[in-house]
Amino acid sequence: MALTCGGPGCKSHSFATERGLSVHRAACEHFKLGEAKAAAARVQSRKVLQLNRAAAQANAAKGSLEVQAESAVVPSGSIASLPDTLPPVPTCGTVLNPPFCNLLPSSENNNPPLTTQSGRPWRPHRLPARYIDHMPVGPSTLPSVAPGSTALPRVISHVQDVLITTHNRFGLRREYPHRPSYDPDSAVPDEHLSSYYSKYQPRQDGATSTAPSAYHLPPWPFDSMSVYLLMQWLHTGSQLKSDGEADRLVQSVLCHPEFVLEDVTGFRTQRQAAILDNSDSSTTDAAPFLADGWQESSVEISVPLGKEDKRGLFAPFTVHGLHHRSLLSVMKAALADASARYFHFSPFRRFWKPPNGPDQRVFDEAYTSDAWLEEHEKLQEQANEPDCKLEKVVLGLLCWSDSTHLTSFGMAKLWPLYVYIANLSKYFRGRPGSAAAHHIAYIPSLPDSIQDFLGPENGVKSKVITHCRRELMHKVLDKVFDAEFVHAYRHGFKMECLDGVWRRFYPRIFSYSADYPEKALISLIRANGRCPCPRCYVEKGDIHRLGQAKDRQTRTKARSYLGDIISKARRFIYETGNIVSSTIVEALLFARSLVPTVSTLAEKLSPFGFDPHEIMVVDLMHEFELGVWKSVFIHLIRILHAAAPAGRLVAELDRRYRMMPTFGHSKIRKFTTNVSEMKKLAAHNYEDLLQCAAPAFEGLLPEPHNKIVMTLLFRLAEWHALAKLRMHTEATLTLLDVSTTILGQELRRFSRMTCAFYFTKLLPAEVAARERRQARQKVKAASTLASTVVGSSSSLPTVAMAGESLQSSSSTAMAVPGPSAGQSAKQKQPSAGKKSFSLWTYKIHALGDYVRSIRRHGTTDSYSTQTGELEHRRVKRLYARTNKRHAVRQITKRERRETRLLRARRAAEAERKSEEREHAHHVLFSQDDTLATTHPEMHHHISDSRRYGEDAFSLSRVLPEDPASKDFLPRLKDHLLGRLLGLEYDGDEKAFSDADRATVRIIDNRVNFAKVFRVNYTTYDLQRDQDSMNPRNRCDVMVMSPETGPNAHPYWYARVIGVFHVRVLHTGPDSKNKSYQHMEFLWVRWLGIVPGHRYGFKAARLPKFGFVPETSPDPFGFLDPSLVIRGCHLIPAFNDLRTSDLLSANPSAGRPIGDTDDWRAFYVNWFADRDMLMRYVGGGVGHAHQNRETPEEDAMHVDHAPDPRDDIIEDAMDTNSDGEDDDAGIYENQSDSEGDEGHGRDDSDDDDLGPEDGEVEVMDFE
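For the record, in the sequence shown the residue sitting at position 621 is 650 according to my numbering, with numbers rising by one throughout.
Honestly, the hints are just simulated from the structure, not real lab data. Incorrect hints may have been included.
Subject to a maximum C-alpha distance of 20 Å in a straight line, what follows is the list of computed SDA-like cross-link-like pairs (lysine to any residue) [what the hints assert, rightly or not]:
{"no.": "1", "residue 1": "Lys633", "residue 2": "Tyr535"}
{"no.": "2", "residue 1": "Lys790", "residue 2": "Arg677"}
{"no.": "3", "residue 1": "Lys1103", "residue 2": "Glu64"}
{"no.": "4", "residue 1": "Lys490", "residue 2": "Lys807"}
{"no.": "5", "residue 1": "Lys922", "residue 2": "Gln301"}
{"no.": "6", "residue 1": "Lys1101", "residue 2": "Ala1024"}
{"no.": "7", "residue 1": "Lys708", "residue 2": "Gly676"}
{"no.": "8", "residue 1": "Lys66", "residue 2": "Ala1024"}
{"no.": "9", "residue 1": "Lys61", "residue 2": "Asp1023"}
{"no.": "10", "residue 1": "Lys586", "residue 2": "Thr612"}
{"no.": "11", "residue 1": "Lys382", "residue 2": "Tyr205"}
{"no.": "12", "residue 1": "Lys790", "residue 2": "Arg802"}
{"no.": "13", "residue 1": "Lys490", "residue 2": "Ala344"}
{"no.": "14", "residue 1": "Lys270", "residue 2": "Ser281"}
{"no.": "15", "residue 1": "Lys407", "residue 2": "Leu192"}
{"no.": "16", "residue 1": "Lys66", "residue 2": "Asp878"}
{"no.": "17", "residue 1": "Lys492", "residue 2": "Phe601"}
{"no.": "18", "residue 1": "Lys1040", "residue 2": "Ile1182"}
{"no.": "19", "residue 1": "Lys336", "residue 2": "Thr612"}
{"no.": "20", "residue 1": "Lys1040", "residue 2": "Arg1092"}
{"no.": "21", "residue 1": "Lys633", "residue 2": "Lys1040"}
{"no.": "22", "residue 1": "Lys66", "residue 2": "Asp1023"}
{"no.": "23", "residue 1": "Lys492", "residue 2": "Arg677"}
{"no.": "24", "residue 1": "Lys1101", "residue 2": "Val52"}
{"no.": "25", "residue 1": "Lys586", "residue 2": "Asp878"}
{"no.": "26", "residue 1": "Lys508", "residue 2": "Met688"}
Only a predicted model underlies this, so the values are computations on that prediction, with no experimental measurement involved.
Modelling step: build the complete structure from the supplied sequences, incorporating the hints.
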């Protein structure tokens, strides 16, 4: 094509190439004069436009502007209400949101064309607002302190030693009640602030210990480094042979510079394993606590017989197979580990100063919680030990315990007790490979031989067995929290820390995380009894009042340990011979749902102010994800079965979930099976179901039930996201409190209206599960009867070693007299009778305790049972490496081997100085300098490879009728030129002339393709996270919106259809860089907001966006990758169906290959993860630089008073709900009777409807 100069008065001929034109223009005076005049005209035009805008805004302010949609961002602390109705379309002068999406064909759209505030025809902007990406930073530096800090004076009321730091970049400051002697955050490298740190291998931070090394260095305890490397490889990684393990063997062992083949001549694994097992048997005087190995012992419990016989009123019963470790030795070993340099010895309060408003308290870590600060103050007031002036430090303990299946099939189980040191940040504890979990005990279950011990004549055998389970658990706790631990609890223990300073540590237990049956076992209450809560005395009939004033009042009366009543009940049982369930015993215990077992923790530690009920923290995974939400989801499936014959609606729901797009790295996964069948679903699967539930259920039920269900699903997802935040402020806790009240109202409305309208029955899977359970119970009863008959003539049976067998052996039922065929026919058979939705379960009541628990103990991720479930993976891996004989003993040995090798490796890293280098900018020889991993400091990462690409002109010629590629090259040059000139975006389109475009030369006319686009971002809790997206699979991104009006949506959304990079050369008088430049850009398809759709927290609806129609001026465009905030999750609005009106070309580059139409609209999933929610709620600490003033029209607002309608129907509701929970054990893991209490219950329904504890695969939910 011929190119002309374009300068006024220039008479030169045309040019065939851009290079020739550029050479001419550089010397042409006519062209230079014309460019100067054009630049002056553009400046004048911009000034006129600004004046017109100011006038238009002034005129618009005089009128009453109508509202198009609710704002999506809630300012901190705002609880303003919103009008119930909203007018439809904005008029001229209204500040518009992202481009509108017309869901109807163009022929049906009779609305006048939209205009901007200046009065010109409106069209979508291609450039969003500039996004500033700030890296997370640590706290402000503390003033230097003396290295030998001593204990505080006992009388501290006269000592003012408070230390307040300055605000850091994000507005965070700390307030220490006493001047700290050590700042662990100063040793934390920046890479540790990245949530994907395990994928990134940073340089050694060079932090070393000034104290003598407590652990040996490699190749200890082996003779050579070659053997050490081989054993290190053997005891890490997968237990299965794989390509990855083979590669790791070659790279980390065989190719290691210190590996010598001759050193492994005659190598035998068992001999080297024995050397490792005995390595800590001999300790040094400097570290006598390193022998923190396992001990094997037995536990003796007293079994009440109910009447006197030759053994008396009770008889001792011994349970073997308890494997445990000294808790004091474990604590000392943890303080000597290299990770202890990150321990916080001084608690503090964290405050955040938002952009507008006063400072707010921040709740995140355990050592910033009120419970920790109170213990710290009590400890400082406590008298010092004689002749000891050392600093007194609280050593926080977080406990987990839960029984787990070790195999997918079979009966092998293990009941571990884990302890975490809370002085270590939760972000470090939660990383895979951190080895922060300390295995304290493997608890044996009550063996089946207890049946023989009690004898066949015992008429209350089930009650006695339940009592024995409680006795066993607390005898085990007596072994774990032994006299040595109690002495340390009272007097502390001295320890030289890694900074070379001696301190005195006082262990304190802050939480005990377990599912509900085990909570009942630890707190010694009756599961699902009259007062089922381990923290308060709420009665079961009042549980449905969640969020009401009476419910809040009930929670103020906390439980306490009533030792006198329990002792009196035990005297009736063990001294006077009353049975466990006798009337005289029940008269003492029933009213408060107590049990006649002595609490080990209360008896040992209550003299020092310890309350066992205080540590019974909430459990988000079991109580909500596998509790309340799971029960709601199951009942919604029942309603869909009742609403349409032959499961038509259920099939549609399954289809929608299968079409659900994925998001992030395992954040929302693909639903490949029918979700209505709920097979093999773990906790994270139910979380994914909830996050995507509203679009999936939309329109399946008629009104008003559709509206009720949509609101309930939104409120459930909203509450779940707020409760799972890893960093709370006073504002977000207020929102969570309000959300709890709203959720209680919505649950009652759902039960009162929708559930009552449909006659729901048990699902087919529920009926089948009940039948199998009843069949197993009959077989078990027959087997027990047969064994009793056979063993009746013998002496007392030998007690099995429960801990060794892991319940892996199964009893064989003998032929015993059974019911006749006629009797069987008369027995009641399970049927799909009416099944109602129950509001009377402990898990619903527990939702009201989350705000207090977060204020008291920190955010829920610090003590979630998910942490324990993740650690179960380790014991399952260790079990797979055993020969299944005496498996527990082998697990303990392998656990110690892994730990000892890890300690040696960490000690070597801490002792090793940073490698010698001539200059700081030199890359170490030991480091792999590849481009595979994106450094956290980068905003985004696109491969710069030029292996794949096309000619720039060919991209327009491949699909000439495709709107996506229309004017591809001119629009691309406009985009590149605007960036090269550094033009600030002022809200207008910028179209350049052909002459301007000619100054941009794409080298070789080649546009290079990239496969993956990665973007890093700072989360609300000041962590660095990453989204990795591929344009072939729904690569949706969000960018800042330039709109700042009262109803402006804060973000724009686009689907990336191509990731490119080019080399360009900018010429001409305005060029700022005459060299070749590498530029990256995204090819996107814009989405616009759906007009008339009400959304927001007040409306309880997600925002709805759709693709900009092809009739719009710019449905496609280019985007600077630096403007992308992060990826977003767009869920199709299934109820709006699909259409081909938005893009008629087929095929088109704007769609995936094979697609011929588009979804009419998409919902923006606010609940995809917690960071996404906080970008719309507002008030995220890490988002401080993005928060902006927003109207107070969309806050979550509700009066704390109960719903008046609840009082009307309250008396009509059946509060005697025992019948509602007949099958609760199938889904909610709640025992139906006291006999099922504890971990002796039957968990074999897991293969039918999924494991309740998420053991299949529990992933990181963030």
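Hints versus structure:
Among the hinted pairs, Lys633 with Tyr535 is consistent with the structure: their alpha-carbon atoms are about 15 Å apart, no more than 20 Å. A hinted pair counts as satisfied when its Cα atoms are at most 20 Å apart, and Lys790 with Arg677 qualifies at roughly 16 Å. Restraint check: the Cα-Cα separation between Lys1103 and Glu64 comes to about 18 Å, which is no more than 20 Å; the hinted pair holds. About 16 Å separates the Cα atoms of Lys490 and Lys807, which keeps this hinted pair within 20 Å; it holds.
With a C-alpha separation of about 13 Å, the suggested pair Lys922 and Gln301 falls inside the 20 Å cut-off, and the hint holds. For the hint linking Lys1101 to Ala1024, the alpha-carbon distance of about 17 Å falls within 20 Å, and the restraint holds. Between Lys708 and Gly676 the alpha-carbon distance is near 17 Å, which keeps this suggested pair within the 20 Å criterion. Between Lys66 and Ala1024, the direct Cα distance comes to roughly 14 Å. Compliance with the 20 Å bound is thereby established for this hinted pair.
With a C-alpha separation of about 15 Å, the suggested pairing of Lys61 with Asp1023 holds against the 20 Å cut-off. Between Lys586 and Thr612 the CA atoms are separated by roughly 27 Å; this puts the pair beyond 20 Å, and the hint is violated. The straight-line distance between the Cα atoms of Lys382 and Tyr205 is roughly 17 Å, inside the 20 Å bound, and the hint therefore holds. Between Lys790 and Arg802 the alpha-carbon distance is near 18 Å, which keeps this suggested pair within the 20 Å criterion.
A hinted pair counts as satisfied when its Cα atoms are at most 20 Å apart, and Lys490 with Ala344 qualifies at roughly 15 Å. For a cut-off of 20 Å, the pair hint linking Lys270 to Ser281 stands: about 16 Å separates their Cα positions. Taken as a hint, the Lys407 and Leu192 pair is honoured in the structure, with Cα atoms around 19 Å apart against an allowance of 20 Å. For the hint linking Lys66 to Asp878, the alpha-carbon distance of about 70 Å lies beyond 20 Å, and the restraint is violated.
In summary, the hint linking Lys492 to Phe601 is supported, as the alpha carbons are separated by about 16 Å, within the 20 Å threshold. Distance hint between Lys1040 and Ile1182 is fulfilled; the C-alpha atoms sit about 16 Å from each other, no more than 20 Å. For a cut-off of 20 Å, the pair hint linking Lys336 to Thr612 stands: about 15 Å separates their Cα positions. With a C-alpha separation of about 18 Å, the suggested pair Lys1040 and Arg1092 falls inside the 20 Å cut-off, and the hint holds.
As the CA atoms of Lys633 and Lys1040 are separated by approximately 62 Å, the hinted pair breaks the 20 Å bound. A distance of roughly 17 Å separates the Cα atoms of Lys66 and Asp1023; the hinted pair therefore holds under the 20 Å criterion. Simply put, Lys492 and Arg677 have alpha-carbon atoms about 46 Å apart, too far for the 20 Å limit, and the pair is violated. Under the criterion of a C-alpha separation no larger than 20 Å, the hint pairing Lys1101 with Val52 is consistent with the structure, at around 17 Å.
Between the alpha carbons of Lys586 and Asp878 the distance comes to roughly 12 Å, so the proposed pair stays at or under 20 Å and holds. For the suggested pair Lys508 and Met688, the alpha carbons sit about 53 Å apart, so the restraint of at most 20 Å is broken.
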